[in-house]
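Listed here are the chains, written in short residue letters.
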Amino acid sequence: MSHLSAENVSVAFAGLKALSAVDLQITPGRISGLIGPNGAGKTTLVNVLTGFQTPSEGAVKLDGEALIGLKPHQVRRRGIARTFQGGRLFRDLPVVDNLEVTGVGLGMSRRAAIAEAEAMLDWIGIASLSSRIAGTLPYTDERRVAIGRALMGRPAYILLDEPAAGMSGPESKELSALIRRIANDLGCGVLLIEHNVGLVLGLCEHIVVLDSGAIIEEGPPASIRDSEKVRHAYMGTAANTDLPVLEVME
Amino acid sequence: MSAVSSATETSLTGEVIAAKKQARFALARKTIVTPILLSLLLIAITLITVMTGSRPFNQTVIDVLVRVIFVVGLYIFIGNSGVLSFGHIGFTCLGAYAAAWLTINPIMKSSALPGLPDWLLQTRLIYWQAAILAALFAGVAALIFGKVLMRLSGIAASIATFAVLAMINTIYSNWDSVTGGTSSVVGIPIIRTIWPYLIGAVAAIFIAWAHAISRSGLALRAARDEPTAAAASGVDIPKERLVAFVVSGAVMGLGGALMAHSIGVVTPDTFYLSLTFITLSMLVVGGMGSLSGGVIGVVLLSALIQALRWMEGGVSLGDATFALPKGIQEIALGVIMIVILALRPSGLMGNREITLTRSNRNT
Ligand SMILES: Nc1ncnc2c1ncn2[C@@H]1O[C@H](COP(=O)(O)OP(=O)(O)OP(=O)(O)O)[C@@H](O)[C@H]1O
Ligand SMILES: [Mg+2]
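Chains F and L supply the protein sequences, listed in that same order.
Under our numbering, the residue at position 106 of the first sequence is numbered 106, and the numbers go up by one with no gaps.
So our numbering is basically just the index in the second sequence, starting at one, shifted up by 1000.
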């Protein structure tokens, strides 16, 4: 069975252990969650999975084959896509060109890339934004464009780094539906990183909880919701709330 | 990605196919107005020059057209990659000497440059054939230097480009038997008609345009603005930079060859710091984010330089003669560059291209 996995991954930054012996697996068509307080190492793990950070120990494997020394663009060409905390759109380019860049990066002609970009925007439901300059978009649209850009060329996996940050209730509900379609309709393996724990509990089959670089808990939503350790990691903010609708915002 | 692919497939059936075929050149058609308008500007300037029939004016406009080639060549790399290069005038030097090797009368060549290989000593080409080969030679040199340079990023890359300039200058200043060392290489056929220079400048503009709308150009501009996101989009940044570096190196080589034919004499120091300064300031003033910026920068600053030269020479008003002190040109150029950088950091054109509708963003 195909899968993307981090095996025994450790990362140290000048003495600081950002990740210690982390294992994680993502499977096509399924949504996995990665949660944890600020500075837990979530983004660092995404960086390791996408070739932006070389782990000091451990390996990333795609279908059992180790991805050693691959540069970020090579990892992307193997079908592992990601978004960034904070969008990072090509601000001076129109929305459609933002998606087109990925198409071109993956080897399509500009014409083919434009055609797929338009189709993708339509599929996401933001076809009307196509010719807007990316830098002028409101926050929520920016996030959806970033997801569209990552989905170009049908990646097998997509890693979403806090896609709902700053979104209102209804907006994150809409996003939640989109993420579900990405897994169900496109067959993508999704890794969802979110501070909105309610969103993660509602969407994911399997959730991994990081704290200070180490996995402190993992399992299905129900067990995460009831975990003392997880409540503790979030410093009690979760203790007095009904978790499924809880919003632990930054 | 069933949903997306089916959307693409359905749109490719039936009468939509015709529309798609039309769309094939849509990108080119949408953007070609810019190089056409810029070329028309140069053609207009050239026609006016030819009509006045003034020899010095003719030479001045030839200089302008050669500088357009330089600045457009610089734009291809700097504008699209966002990496400042101080080394490109080195490729101009390579182009100019290559043109000299290929066009000087063999008898003169064997006495002045005896170190050249026999086949080159025997060769004598027409200037435009030599110019094309000079461009290729500079492009190959850019490929070799670029292979190493494009691994570097940001400031390190810029400083390394400066090292390229210094290296080329040092080699050409010292390899006496092949380059004549620091003394002038004379006997390059002088081309006084303006048309070849116009053709060269227009060619440079269209090459820059073709690169800008290519896949490589788009990927490179994305990488300039958000390198991390571009890499995560599958863009091989060093490769796309190298493509631009080679294309721009070749255009610089073409400019160097034409410059050699416009003055008939070359020395390594013709292609060193002052030419680097002048071409970079033209690009910066016009706006390094757009092709139009480069061309407009050359035209405006050249006009200004010409006016200053004229005033350095002395202007008589009534019975008094006013003359600006010598060297005021460089100082004025420096001041203008600083003022523009302070008031409009992205240059006069501010990353926009000239189009018929309204100035448009570069896509
Ligand atoms: N390039 C780096 N150099 C040094 N330290 C870093 C670097 N990147 C991250 N860190 C540190 O590693 C730790 C983990 O950071 P990371 O960004 O992975 O956390 P996170 O879980 O994504 O947090 P957040 O929820 O705030 O996004 C933090 O202490 C951070 O300061
Ligand atoms: Mg993070």
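Hints listed in this document are in silico derivations from the structure and should not be mistaken for laboratory results.
Incorrect hints may appear among the rest.
[What the hints assert, rightly or not] Below are the DSSO-like pairs computed for lysine-lysine, each with C-alpha atoms no more than 30 Å apart in a straight line:
#1 F:K17 <-> F:K71
#2 L:K1030 <-> L:K1239
#3 F:K229 <-> F:K61
#4 F:K71 <-> L:K1030
#5 F:K17 <-> L:K1030
#6 F:K61 <-> L:K1239
#7 F:K17 <-> F:K229
#8 F:K173 <-> F:K229
#9 F:K17 <-> F:K61
[What the hints assert, rightly or not] Sample of chain F residues lacking proximity to chain L, with all beta carbon distances greater than 12 Å (derived):
#10 L62
#11 E100
#12 E162
[As the list claims (entries may be wrong)] Computed, partial: chain F to chain L, Cβ under 10 Å:
#13 S2
#14 H73
#15 R82
#16 R91
#17 I114
#18 I126
#19 A146
#20 M152
#21 K229
Yeah, the Cβ is synthetic: ideal placement off N, Cα and C, and Gly gets one too.
The hints, checked one at a time:
no.	hint	verdict
1	F:K17 <-> F:K71	holds (23 Å)
2	L:K1030 <-> L:K1239	holds (27 Å)
3	F:K229 <-> F:K61	holds (29 Å)
4	F:K71 <-> L:K1030	violated (35 Å)
5	F:K17 <-> L:K1030	violated (52 Å)
6	F:K61 <-> L:K1239	holds (26 Å)
7	F:K17 <-> F:K229	holds (20 Å)
8	F:K173 <-> F:K229	holds (27 Å)
9	F:K17 <-> F:K61	holds (22 Å)
10	L62	holds (15 Å)
11	E100	violated (7 Å)
12	E162	holds (15 Å)
13	S2	violated (16 Å)
14	H73	holds (5 Å)
15	R82	holds (6 Å)
16	R91	holds (6 Å)
17	I114	holds (8 Å)
18	I126	violated (13 Å)
19	A146	holds (8 Å)
20	M152	holds (8 Å)
21	K229	violated (33 Å)
Checked against the numbered hints above, the structure breaks hints 4, 5, 11, 13, 18 and 21 and satisfies the rest.
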